[in-house]
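Asker: Those sequence lines, one after another, are chains A and B.
Counting from 1, position 311 in the first sequence corresponds to residue 311 in the working numbering; the numbering is continuous, with no gaps.
One rule links them: number in the working numbering = place in the second sequence (from 1) + 1000.
Check the hints yourself; a few may be wrong.
What follows is a set of in silico ranges between Cβ atoms, one per label pair, in the way DEER data are often shown [unchecked claim]:
{"hint": "1", "chain 1": "A", "residue 1": "63", "chain 2": "B", "residue 2": "1150", "range": "15 to 21 Å"}
{"hint": "2", "chain 1": "A", "residue 1": "28", "chain 2": "B", "residue 2": "1200", "range": "27 to 33 Å"}
{"hint": "3", "chain 1": "A", "residue 1": "183", "chain 2": "B", "residue 2": "1317", "range": "57 to 63 Å"}
{"hint": "4", "chain 1": "A", "residue 1": "192", "chain 2": "B", "residue 2": "1307", "range": "50 to 56 Å"}
{"hint": "5", "chain 1": "B", "residue 1": "1137", "chain 2": "A", "residue 2": "51", "range": "26 to 32 Å"}
{"hint": "6", "chain 1": "A", "residue 1": "193", "chain 2": "B", "residue 2": "1197", "range": "48 to 54 Å"}
{"hint": "7", "chain 1": "A", "residue 1": "205", "chain 2": "B", "residue 2": "1150", "range": "41 to 47 Å"}
{"hint": "8", "chain 1": "A", "residue 1": "56", "chain 2": "B", "residue 2": "1187", "range": "35 to 41 Å"}
{"hint": "9", "chain 1": "A", "residue 1": "183", "chain 2": "B", "residue 2": "1057", "range": "50 to 56 Å"}
{"hint": "10", "chain 1": "A", "residue 1": "63", "chain 2": "B", "residue 2": "1292", "range": "54 to 60 Å"}
{"hint": "11", "chain 1": "A", "residue 1": "192", "chain 2": "B", "residue 2": "1317", "range": "31 to 37 Å"}
{"hint": "12", "chain 1": "A", "residue 1": "269", "chain 2": "B", "residue 2": "1300", "range": "57 to 63 Å"}
{"hint": "13", "chain 1": "B", "residue 1": "1003", "chain 2": "A", "residue 2": "133", "range": "52 to 58 Å"}
{"hint": "14", "chain 1": "A", "residue 1": "51", "chain 2": "B", "residue 2": "1200", "range": "33 to 39 Å"}
Source of the hints: derived by calculation from the structure; they are not laboratory data.
For every residue, glycine included, the Cβ atom is placed at its ideal position computed from N, Cα and C.
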Amino acid sequence: MAEAEQRELTYVDAIIEGARTILIEQDNAFIAGEDVGGAGGVFGSYRGLLEEFGPERVVDTPISEEGIVGLGVGAAATGLRPIIDIMFMDFMGECMDEIANQMAKMRYMFGGSAKLPVTVVTMSGGGRNLAAQHSQSLEAWLCHLPGLKVVAPSTPYDAKGLLIAASRDDNPVFTVMNKMSLANRGVVPEASYEVPIGKANVVREGDDLTIITYSRMVSESLSAADALAQDGVEAEVIDLRSLQPMDTDTIIESVAKTHRAVVVHEAVRFGGLGGEIASQIQELAFDELDAPVSRVGAPFSPVPFSAVLEQTYLPNADKIVAESRSLIGA
Amino acid sequence: MSTPSDDVLLDIHRRMVRIRTFETEAGRMAEAGKIPGALHLYVGEEAVAAGVMVHLSNEDWITSTHRGHGHLIAKGGEFDRMFAELFGRATGYCRGKGGSMHISNMDLGMLGANGIVGAGPPIAVGAAFSTKYRNTDRVAVTFFGDGASNEGSFHEAANMAALYKLPVVFVCENNGYGEYTPQAKHQAIVDVADRASGYGMPGVVVDGMDAMAVYEAADAAIERARAGDGPTLLECKTYRFFDHVGVRGMGLTYRTDEELAEWQKRDPIHMFEARLAELDVLSKDSAQAIHEEVLAEVRAGIEFAEASPTPDPDTLLDDVYA
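One chain only, chain B, in its complex shape (with noise of 0.2 Å):
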């Protein structure tokens, strides 16, 4: 197990707080009216993106959800042609044919966000397959939920993953909830990574609210995937501070303020960032520093974004074919 650098822990950081502040404003943006559609927002879960990527390069692919922002962050997206696609700009990495959820870059190894719940483990099956077939040492991580443990083409990607011993590290972003179903209502075990002994593959569960653990986690994975050593199933428990789609985390009828408020006292950036302080790696005034100067970015992302050109309607046919 490699312990991280300064560096590293300093990246993985930024990650974070990239995310969250993305997020926090991109909320924003939806509640004043400016973004339309459906923002499915990865407040809460920041440890697990950013614990994963940093490991990854832009020759790996991921293949992510619904809940796709944080994954594109984490993986190296930019904020001005993110939000220029949120804002359904002819500037945004999709050019506005993809909006939130199907937010994409090729060229970083992002595969897309995707509006079906399990549809990304097969297709990162399919991304494993490629890198073996070529001989590199590059890996495909899918990010799926709880919920998504239910479909059975998690399933068919897990057994062909295990079956051909392909570079795929599955991270289940367990989040307590399938859309407003709680686990307990659609599933009858506690840890999904206890369906990793099912397909022969090894099933890891982490905390997935403290950035380290995950960090660790996924480095074992993905070296493992690495070596040829094939599949793992890395169940992060983790938890969502909004609702399923939108912003609003408290008074929802399907679970309780107060279940809310013991996730958030465990809130992965607070303490990671308590951690990082400990460790005498980020100053509390240093990461105030790093929030601001993302804060700032964020804002310039989203004027880049307001003063881009809508899609030329002319474009509507485009790219329907290559």
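Bound conformation, chain A alone (with noise of 0.2 Å):
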């Protein structure tokens, strides 16, 4: 027992595994999109499920962003609970309207008659060279719409938990995944478990300094706070999860020990989360901070194509170590 509970998988497993479960655990439920079918997802993420369920649990779709998302809605309405795949998140340009307009509202404007037991799964992030149209982190567009919920899965063992509890949800729930984290490895039970969703988690305790941050920016600030160890800086660093709702109670216990506070995205600084999370930060904790919030987020620019821009718009590490030693004048 002990040794399954240290079997490892990747990321991109780890969603297979998730949406397998959702699978055999509601018959309600069906996984629809480009290229989840016959392919297994361009990503791999829904490989043999089509083998396992069926083409009318496992749906390709035409490349027909707004007709899928719609497709969404309208099952999700009638009573089914939809898995729907947007490959890239930079193609909710194609269906902001039914994303929008419809998902997030309907219930809403229907005086709460409606439910939308629909998940979206997405795929966001850069470092692989794919340019301005299929790298951004666009999370803030979602976490800006009532009615949504927002999810961002930075390790496997989250990824199939959050997957099963956005499932599970009766509200519709994005779950942002990251695109370089999906060889990423770790301990993963194979029972079927939720994370979940609007409590953060915090992966490393320290007194100094909080880091809050989410998605693959989680392990670049875990390396980050490694070094500033070495100089003696004890970086707490909390891995939101969930970013609407969001767990404004952790982010402010662990100000109130630490005093200073760096927000960390891979999204554009400005007007990104990172912007809301120090303004909440500084309403209900002005009195603990010794120093502003800090930000670190990419620069205002589209995300370059070649490898030596692409790295150079990227936070990293490094310059999360740059941000908190200048935050503790250190």
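Mind docking these for me? Both chains are given alone in their own frames, and the hints should help you get the complex.
Answerer: In structure tokens form, the structure reads like this:
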């Protein structure tokens, strides 16, 4: 048993296992999206599911994002529990009406008579030389829409557990996966389990500053914390896991202990979630702060193609270390 | 092709009268300043909603448009709760959260009026996917206008419905105008139904002022969908007697009074009543009695709405999430 609990999976295999668990557990669940069936997903995240569950439940669609998301909205409102795949998060531009004006608002507009248990799986982030239209981190678009929930798994364990939690939620939930994390390995239980939506995870404890982050920047922040520790600076690292709703309590509790905070995300800094988090901290814990809340994010630019430009663009452990040192005056 | 029984003919007639009377009185209430916001009225297009909806049950789904009251009434919507919604009252179908443009009733299979032109067809495809997934013979009907037939959402939905052979009927209410722009200035075709062949489904054009013609064409399309043979695009040529928004019909700059007068000669309710009189199904006096009965019901609905409480401000954040 102890051995089984230590089983490791990659992030992409954890997505497959999460999706498979959902199809086994929920008769009304199906997966629809571009290349999710015959191709097993362009990232391999649905491999084997068509063969196991058949074309009624693993549905290859035309390249029609608005149609696909609308199918999810209509199917969810009429009693199914769709898993809708938007291959790259950047493609939300093609279906934003169905996301923003239909999926997010239908329940409220109808006075609570509709239920929209739809899970959207999409892939975010740069680092693979896919340039400006296949590399973005657009989660702030979604978090600004009342009616949606948004989660961002950083590990294989969270990818499976948050996906299952999303599928059991009676609201629309976006699970924003990260394409640079697909080969990462981590412990994943074989059993079905949920990572609760709305609860952050303190992944490293420390007393000197709090790094608040999510998705791929969790591992960069942990590397940064290791580097800082060599100088005797102990950083607490919070993996938000859930961006909407956001676990503000855990953030404030940590800041009350460390008195310094840096928010880290891969998304463009201006208008990103970091601004919201910094604002919440100053509203709720101004007196606890020994320094202004600082932010690490991408510069105000589209994601570039060339590797040297892309690596310059992306936040990383070195940038987090530099910002943290500046914050504590070290 | 089934010939409608007298009961069905009378049912279609009553649905049309209910729509006309509700919309006319709703327009009066709006002009009196009692209904806030924007009101897109269905007067003139009644034959379409009535001729289609008489084939559906509460287990069949529809998606509607910003001009959605007629669809809900024809699907069985009750005047008291509809007026309450238009007045923004807590007793409305959407508890005052939706208003005219989002009026809905899930129990009646009505997936909402919709403020976004062209948003309905993909949702109807999802509802049809749902009924097929569950192996039922229920169908989804999506109403949209000539204007919406230029939205990408319509084309994506049409393609997917035909590809998956889903039980959807695409009902285009071609009233000749996309908001204020005449059809000839927003698309290079005359019949929206021509677009059906591009997706591998039949396209049918009917006189949308003739309830009998709509009834027959809808019967065929809906039966085809129920039988598992896939979608149909049914285009109903109709006309908006009022303005795009609000009541005024005459004296508009973007269309002529003569054009309106020509269409009004073919008022769908007058034509249908003449037909029913010919068939000895409904006398002039009986028709008049139905109009009066429905008007009394409409007035009772308005009274109910006016007597209803406004929403408690504490309900503001209710139902953002389940």
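Asker: Give a verdict on every hint.
Answerer: Checked hints:
At about 20 Å, the beta-carbon gap between residue 63 of chain A and residue 1150 of chain B stays in the expected band of 15 to 21 Å. The given range of 27 to 33 Å is respected by residue 28 of chain A and residue 1200 of chain B, whose C-beta atoms sit roughly 29 Å from each other. Distance hint check: the CB atoms of residue 183 of chain A and residue 1317 of chain B are about 42 Å apart, inconsistent with the given range 57 to 63 Å. For residue 192 of chain A and residue 1307 of chain B, the Cβ-Cβ distance of about 52 Å falls inside the hinted range of 50 to 56 Å, so the restraint holds.
Distance hint for residue 1137 of chain B and residue 51 of chain A: a CB-CB separation of about 30 Å, consistent with the stated range 26 to 32 Å. The given range of 48 to 54 Å is respected by residue 193 of chain A and residue 1197 of chain B, whose C-beta atoms sit roughly 51 Å from each other. With their beta carbons about 58 Å apart, residue 205 of chain A and residue 1150 of chain B fall outside the hinted range of 41 to 47 Å. Between residue 56 of chain A and residue 1187 of chain B the beta carbon distance is about 36 Å. The supplied range of 35 to 41 Å therefore holds.
Distance hint check: the CB atoms of residue 183 of chain A and residue 1057 of chain B are about 52 Å apart, consistent with the given range 50 to 56 Å. A C-beta distance of roughly 55 Å is found between residue 63 of chain A and residue 1292 of chain B, which places it inside the suggested range of 54 to 60 Å. At roughly 32 Å, the beta carbons of residue 192 of chain A and residue 1317 of chain B sit within the given window of 31 to 37 Å. For residue 269 of chain A and residue 1300 of chain B, the hinted distance range of 57 to 63 Å is satisfied, since their beta carbons lie about 59 Å from each other.
At roughly 57 Å, the beta-carbon separation of residue 1003 of chain B and residue 133 of chain A lies within the given 52 to 58 Å, and the hint holds. Look at residue 51 of chain A against residue 1200 of chain B: about 28 Å separates their beta carbons, and that is not inside 33 to 39 Å.
In this structure, the hints that do not hold are numbers 3, 7 and 14, in rising order.
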